[in-house]
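J.: Those protein sequences? They're chains A and B, same order as listed.
The first sequence maps to residues 19 to 250 in the numbering used here.
The second sequence maps to residues 2 to 449 in the numbering used here.
Calculated directly from the structure, the hints in this document are not laboratory data.
Treat the numbers as computed from the prediction; the structure is a model and nothing was measured.
Positions of the beta carbon are idealized from the N, C-alpha and C atoms, including for glycine.
Fair warning: there could be bad hints in the mix.
Reference listing, derived: stretches of chain A covered by chain B, where coverage requires no fewer than 3 residues with Cβ under 8 Å from a Cβ of chain B [as the list claims (entries may be wrong)]:
#1 107-119
#2 131-142
#3 200-210
#4 226-232
Pulled a few chain A residues facing chain B out of the computed Cβ check, cut under 7 Å [claimed, not checked]:
#5 F56
#6 F60
#7 M63
#8 V67
#9 I70
#10 G86
#11 I103
#12 P173
#13 P174
#14 W178
#15 G181
#16 S235
#17 F243
#18 Y245
#19 I248
Restraint ranges, calculated between C-beta atoms of paired labels, are given here [as the list claims (entries may be wrong)]:
#20 B/G200 x A/I180: 20 to 28 Å
#21 B/N191 x A/I104: 41 to 49 Å
#22 A/A195 x B/Q350: 30 to 38 Å
#23 B/G433 x A/I70: 26 to 34 Å
#24 B/G433 x A/Y66: 25 to 33 Å
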Amino acid sequence: MKKLSGVVTLTLLQESSKGHVRSVTRGVYPILVFPLFFSLFFFVMAIYVWNIVAILIALLWLIPMLFGSVAEIEVRDDGIIVKRIIFGTSYWNFDEIKFTAGGRILEYGGLYGGWIMPFKWRKCVEAIKDFRQVAPSQPRRAPSKVRPLIYLLVPPIMLWIIGNLAGYFEFLIQPLAWALLWGVTATFSIATSMYTAPIKFKVASLGKAESSSFIGSVIGTIMFFFYILITS
Amino acid sequence: MNYKLPVMTKRKVVKSTILIALMLTALYMMPLALAESETVQNITVDTAYSMIHRNHFFPDLVILDVRNQSEYNINHLYGAVLVPLHELETRIGELEEYANNEIIVYCGSGGRSEIASGILADNGFTKVYNMLGGITAWIEAEYPVYTTYHNVTVDTIGRRGIHVEIEPLLVQMGCTSCNENQECPSEITNIQSNVLEDGEDYTVTLVTYELDGTLFEFTITKSLLWSDSKHTYHANKTASFTLTEIATEDTSIQFYSLNYVVQHVEYNLTIATNLTPLNSETYNSSFTAVNYAPAGQSEILSLELVEFNSSVTLSQLYTSLDKVAKKIGQVYMMDGLMNDDATLIQLAQNYYKMARETRGLSWLVKSQLPEYDMTILNSSAILMDIWCDFDCVVDCLLYLVPPDIAAMCIYSCLICAGFPAPFNPACWICIGCITTYAIACAYYCCGL
């Protein structure tokens, strides 16, 4: 069996992992439960008062939250695969995961991974506990954990500052232009950040660059429509 | 003189009793018997009342209100089903199960119900009764209505006793928007205000506005005459008494304002009174607004318009409002218990709290503002209970914060959805944003 490491290609992973699935379960991300309920509450209220703009905004919020909150965890001989509906599939070696809260929470990948609560956590623990990593995963290429974050957070913050300064100096920016700017910034920011992040993931059969661009575009489009709707 | 009663046999007594009973039944059923001959029958409010309250004759009776939602909210007959006239044809399917039941149709004054009755008859409804005069005639006949809107008249009798009369509020819903045939009032535009002076106890503000293209301006001078605050473990109470002077080039007006705000752990309550002075010993008029759970754009759950028929002092005004609130509370409590309506019972409890706070304010005026506790010639007040409104919550969530901040919030939540780990700062920005939103909107719209 080939060892899965940070530099193994996706194709190799799929080939090597065929027929070695130990356990499959679904799980929920606890940190997203509150935002999920809030967006659900917002959506229900928007339906109740029948405010179309509110319904659309709530949907833009609810759909990513709904799809982002749950994931399928596939325990394989060489690591785990976390499959998420719209945020792609990511791959983690056993030495990158650990259990906390008596096994109820599965932590993987640190800052760029997630904390997930498997629904069948006992089964998940059972599937992993006897496994010994044949060899530790190769150290990944000097991953910077700060740079992707800068890519992610600084552009929108800059945009926000520019917007406020424009307002302060009474410089008018057309809402459409501003929405477009937000959308494009979010797209590039997220795409760059995901591409540079020390993680391996994919959307459907796309490569990392395409997957990053796809996720960036989806979030950029959401931001564009959100801004258009909120200023309409 | 001996007078002998005619001797009646037992048989005669039975016969007479049956005859009288039959005559009474015939008399009572006559309008309804006539109704059998036609699909739509016009009935008076008295007949409608008889039909509703003798429900052993009409166990499947349906009461249909064809007014608008806002009119229905103000008052309606107990147990009435609302289907506004403009929706009746599209929603007729909802009523199909009652096609062979007696249906009393009513509206504001009888116009819309006549049309609605025709629509029902055309759609195969066999026993339709159009209530003539609508709910206006019903209220005038003093039959009971479900309402949380009242007209209250207060007469002070003697030194302590007051007489309170409570009647359902009759509201005629008219056209509220201007069209080509109506003369619309001119709109005030371009309102601007600038603070000219901001002292410790006073502020001077210049307000300018445009009306029909002409620029007007006036100054508002607000002087704080007295203030007080009290903090307990469950409530913060603040009171202030200010003198406001509004001056234009030609004229100026003065009025006093007493504002009392209670921020309780369970509710917010404001009592605001504006007093127009007549001379140094008398106020000409006063208007008081008592607002439970205040909020900018919330739905009004109840509204009581209070008119005083005699002059009172400022402290007596609050004592009277205490009694009015208690009395209204009793009305709601009785209605709530009789109809098993939790909303009315809750409303009653809210009015008891209003009563308690107005009583407290009366004491405060007596003890701390004796020099302003003067006679008021004409007084009126409005008591309102405002409830959390979903429209307000949705609007608040959409528009409370500037779009850029809202965009930052949603952006951070989307990033968090991508990398849902506690180490991810975007998640904490997202959760912080949502919590702030939720608290702010709950406070703004629900008075929580």
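J.: Now tell me if each hint is right for this structure.
T.: A quick look at each hint next to the structure:
1. Residues of the stretch 107-119 of chain A lying with their CB closer than 8 Å to a CB of chain B number 0, which falls below the three-residue condition for coverage.
2. Counting residues of the stretch 131-142 of chain A whose CB falls under 8 Å from any CB of chain B gives 4; the rule of at least 3 is met.
3. For the stretch 200-210 of chain A, the stated coverage by chain B holds: 3 residues have a C-beta nearer than 8 Å to a C-beta of that chain, and at least 3 were required.
4. Here the stretch 226-232 of chain A counts 0 residues with a CB under 8 Å from a CB of chain B, which misses the bar of 3, and the coverage is violated.
5. Taken as an interface hint, A/F56 checks out: its beta carbon lies about 5 Å from the nearest beta carbon of chain B, inside 7 Å.
6. Because the closest C-beta pair between A/F60 and chain B is about 6 Å apart, less than 7 Å, the hint holds.
7. The interface hint given for A/M63 is met, as the beta carbon of that residue sits about 5 Å from the closest beta carbon of chain B, less than 7 Å.
8. The closest approach between the C-beta of A/V67 and any C-beta of chain B is roughly 5 Å, which is under the 7 Å cut-off, so the hint is satisfied.
9. The interface hint given for A/I70 is violated, since its Cβ lies 11 Å from the closest Cβ of chain B, which is over the 7 Å cut-off.
10. Using the Cβ-Cβ criterion of 7 Å, the hint placing A/G86 at the interface with chain B is satisfied: the shortest such distance is roughly 3 Å.
11. This hint is violated: A/I103 has a C-beta 11 Å from the nearest C-beta of chain B, more than the 7 Å allowed.
12. Hint on A/P173 is violated. Least Cβ distance to chain B is approximately 10 Å, over the 7 Å limit.
13. The criterion of a C-beta within 7 Å of any C-beta in chain B is met by A/P174, whose closest approach is roughly 5 Å, and the hint holds.
14. Hint status for A/W178 relative to chain B: holds, with the closest Cβ pair at about 5 Å, below 7 Å.
15. The restraint placing A/G181 at the interface with chain B holds, with a minimum CB-CB distance near 5 Å, inside the 7 Å limit.
16. Hint status for A/S235: violated, given a least beta-carbon distance of 12 Å to chain B, over 7 Å.
17. Using the Cβ-Cβ criterion of 7 Å, the hint placing A/F243 at the interface with chain B is not satisfied: the shortest such distance is roughly 11 Å.
18. Because the closest C-beta pair between A/Y245 and chain B is about 6 Å apart, less than 7 Å, the hint holds.
19. A cut of 7 Å between beta carbons decides the hint on A/I248: the least distance to chain B is about 5 Å, and the hint holds.
20. Look at B/G200 against A/I180: about 38 Å separates their beta carbons, and that is not inside 20 to 28 Å.
21. A hinted range of 41 to 49 Å for the beta carbons of B/N191 and A/I104 is consistent with their spacing of about 48 Å.
22. Judged by the Cβ atoms, the range 30 to 38 Å given for A/A195 and B/Q350 is violated: they are separated by roughly 53 Å.
23. A C-beta distance of roughly 29 Å is found between B/G433 and A/I70, which places it inside the suggested range of 26 to 34 Å.
24. Taking the beta carbon of each, B/G433 and A/Y66 are about 26 Å apart, inside 25 to 33 Å as hinted.
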